[in-house]
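With the numbering used here, letter number 2 in the sequence shown gets 12, and the count goes up by one each step, no holes.
Just so you know, these hints were derived from the structure itself, not from any lab. Where hints are given, some of them may not hold.
As the list claims (entries may be wrong) - Capping the alpha-carbon separation at 27 Å, the derived lysine-lysine pairs in BS3-like fashion look like this: (1) K32 - K91; (2) K32 - K222; (3) K171 - K222; (4) K171 - K87; (5) K32 - K88; (6) K256 - K32.
To be verified - Per label pair, the in silico range of CB-to-CB distance: (7) N111 - G240: 20 to 30 Å; (8) E76 - D255: 35 to 45 Å; (9) A266 - R150: 37 to 47 Å.
Built from N, CA and C at the ideal position, the CB exists for glycine as well.
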Amino acid sequence: MKDHSILPTSLGDSYHPSVAQKSTRIETGSERMDGLGMGDSCYIPLFSPQESSRLLEALLPGGEIEYQQWYHMPDRKKPHKPLRPLRRIKVAMTTAPQGVNERTPHYRFPVNDQNRYGVVSPMTPTVNTIRLQIEALLGRSFNHAVVLVYRDGDDGIGFHKDKMLDLDPDAPIVTISLGAARTMFLRDDIHEPTVQYELTLQPGAVFVIGPKTNTELYHAIPRQPERPLGPRVSLTFRNTLTYRDKQGHIHGQGDAYQSLNWPTELRGMHRLDAALDQPLER
Numbered sequence: 011m012k013d014h015s016i017l018p019t020s021l022g023d024s025y026h027p028s029v030a031q032k033s034t035r036i037e038t039g040s041e042r043m044d045g046l047g048m049g050d051s052c053y054i055p056l057f058s059p060q061e062s063s064r065l066l067e068a069l070l071p072g073g074e075i076e077y078q079q080w081y082h083m084p085d086r087k088k089p090h091k092p093l094r095p096l097r098r099i100k101v102a103m104t105t106a107p108q109g110v111n112e113r114t115p116h117y118r119f120p121v122n123d124q125n126r127y128g129v130v131s132p133m134t135p136t137v138n139t140i141r142l143q144i145e146a147l148l149g150r151s152f153n154h155a156v157v158l159v160y161r162d163g164d165d166g167i168g169f170h171k172d173k174m175l176d177l178d179p180d181a182p183i184v185t186i187s188l189g190a191a192r193t194m195f196l197r198d199d200i201h202e203p204t205v206q207y208e209l210t211l212q213p214g215a216v217f218v219i220g221p222k223t224n225t226e227l228y229h230a231i232p233r234q235p236e237r238p239l240g241p242r243v244s245l246t247f248r249n250t251l252t253y254r255d256k257q258g259h260i261h262g263q264g265d266a267y268q269s270l271n272w273p274t275e276l277r278g279m280h281r282l283d284a285a286l287d288q289p290l291e292r
């Protein structure tokens, strides 16, 4: 297993505008593009405009998904401060529990406080239908999904790498974009990049991040508050090799850390109180 020790970054939702020594703009359109990122990523236009609109309507707030407002982890230097809400709303979902012991796919990442938000939700009909189409397209299985809503141009996500503690190290990470087109950046370093790639994720497109790309490049969807952007729904499918049983025990790849959330040994922190937007008493 590679790179499970990638630690949480402190950048959060902020987009760091450092100028890369070499920046490449990739023009996306109606054709498939292979060899992106570190050579193992690709861009695939999949859904027609009509199908994209139908899927978007089903997945926007008020549709079949009940979204949650998640928060950043506490500031390690000032843990008493109120937590900052993420600039997007989201929910985690999995396929049905597997095996006679009914073990549920389990994926931990820093901002997902599963004590607070619940471990996972079952995939809704639309999410599961998209999963099956992605599996048929790529010939791979996926058992975990995170669905996000970027409500407008003021929502975004800062540079990060997906955490590999629980994920299949040989499987790609697959994102489907619906709604407003948004720009994705990939770069080799957050603050002092030497290489950067920029591409637009069009509605109905699939972006496949290969294992090497996720290991070596950070990716971000920067905020664009100056632009009148509509909502975007992003579905990211992953395959986890860690499972949680009914008793809460962790099995499989990540079982060295018997924690529901991102492990404290890997700089995980979560508040246990209910008023996350209020400072703690000191």
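Tested hints:
1. K32 - K91: violated, 38 Å
2. K32 - K222: holds, 19 Å
3. K171 - K222: Judged against 27 Å, a Cα distance of about 11 Å means the pair holds.
4. K171 - K87: Answer holds: K171 to K87 is near 23 Å, not above 27 Å.
5. K32 - K88: Violated, at roughly 37 Å.
6. K256 - K32: With Cα atoms ~50 Å apart, K256 and K32 exceed 27 Å; violated.
7. N111 - G240: 20 to 30 Å: violated, 44 Å
8. E76 - D255: 35 to 45 Å: Once the Cβ atoms are compared, 25 Å apart, the range 35 to 45 Å for D255 and E76 is violated.
9. A266 - R150: 37 to 47 Å: violated, 25 Å
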